[in-house]
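Trainee: Chain by chain, the residues run as shown.
There are 2 protein chains.
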Amino acid sequence: KPCRLVEIEQHTDDRGKLSVVEGGSTVGFPIRRVYYLHDTRSGTERGGHAHRALEQLIIAVHGSFTVRLDDGRQRAEYHLDDPGTGLYVGPMVWRDLVDFSAHGVCLVLASQHYDESDYYRNYDDFLRDV
Amino acid sequence: KPCRLVEIEQHTDDRGKLSVVEGGSTVGFPIRRVYYLHDTRSGTERGGHAHRALEQLIIAVHGSFTVRLDDGRQRAEYHLDDPGTGLYVGPMVWRDLVDFSAHGVCLVLASQHYDESDYYRNYDDFLRDV
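These protein sequence lines are chains A and B, in that order. Quick note: the first sequence uses the numbering used here, first residue 1, plus one each step. Quick note: the second sequence uses the numbering used here, first residue 1, plus one each step.
No lab work stands behind these hints, which were simulated from the structure alone. There are no misleading hints in this set.
In silico SDA-like pairs for lysine to any residue, Cα to Cα no more than 25 Å straight-line:
1) 1(A) / 20(A)
2) 17(A) / 81(B)
3) 17(B) / 99(A)
4) 17(B) / 39(A)
5) 17(B) / 87(B)
6) 17(A) / 41(B)
7) 17(A) / 88(B)
8) 17(B) / 78(A)
9) 1(A) / 27(A)
10) 17(A) / 122(B)
11) 17(B) / 81(A)
12) 17(A) / 77(B)
13) 17(A) / 113(B)
14) 1(B) / 118(B)
15) 17(B) / 95(A)
Label pairs and their calculated CB-CB ranges:
16) 103(A) / 13(B): 13 to 23 Å
17) 103(B) / 28(A): 27 to 37 Å
18) 72(B) / 9(A): 23 to 33 Å
Since the structure is predicted, the reported quantities are computational estimates derived from the model, not experimental observations. Note that beta-carbon positions come from the ideal geometry of N, C-alpha and C, so glycine has one too.
Just chain A, with the same shape it has in the complex (with noise of 0.2 Å):
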């Protein structure tokens, strides 16, 4: 499936809670990247791409914004909220973040490398291709 969501470990006690992603066994690819979206200003659109290849695991590690998803075929919308869900997106599939809440943290774990040649940039090449 090019995209779903993904329950992340969690262990909770009196201190607070600890979320855990194993590359590998909960994600199903090593995690090679990891970035996060940090400081948006409300309102901001990001993303605005896909990857011919890249496989991510997008999560809201503090506060909230909303991932639209478009595999050509297909639209899909996910309000990501909950540190304890990821959201799994796979090759070929058009991506906009919107909606950040006020100091949201976006955590992204990718199955690669930084690798300019496995975006799309615009997405009238990536619905010829998809």
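We have chain A already, so just place chain B on it with the hints.
Mentor: Using the frame of chain A, we list chain B on its own:
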């Protein structure tokens, strides 16, 4: 060195900030596990252990907290409050995490999958081996 501050690559524009850690190159170890501490109660202490072999990069992706380190000879304290700076902690360093701010989120990138046999959970055992 058993610990050091690591500058994290940041891309800033009018949408906000994107901070990225590449496994291997940024931190010198592969990222096999990712976990984050969140919904932490104010005044709580976490940590309270050391690792035989594990390497970690600790990042305050939201809010702030203090990391107290002890390698059996020297102690050091780092107040982390910047998503653009990580704290590398190597093997055989006892760590306590204290003074979490409200809504502080601690992201940890770890070099190994979870392995209970890698932990020292008793400070005297740690001191004996260090």
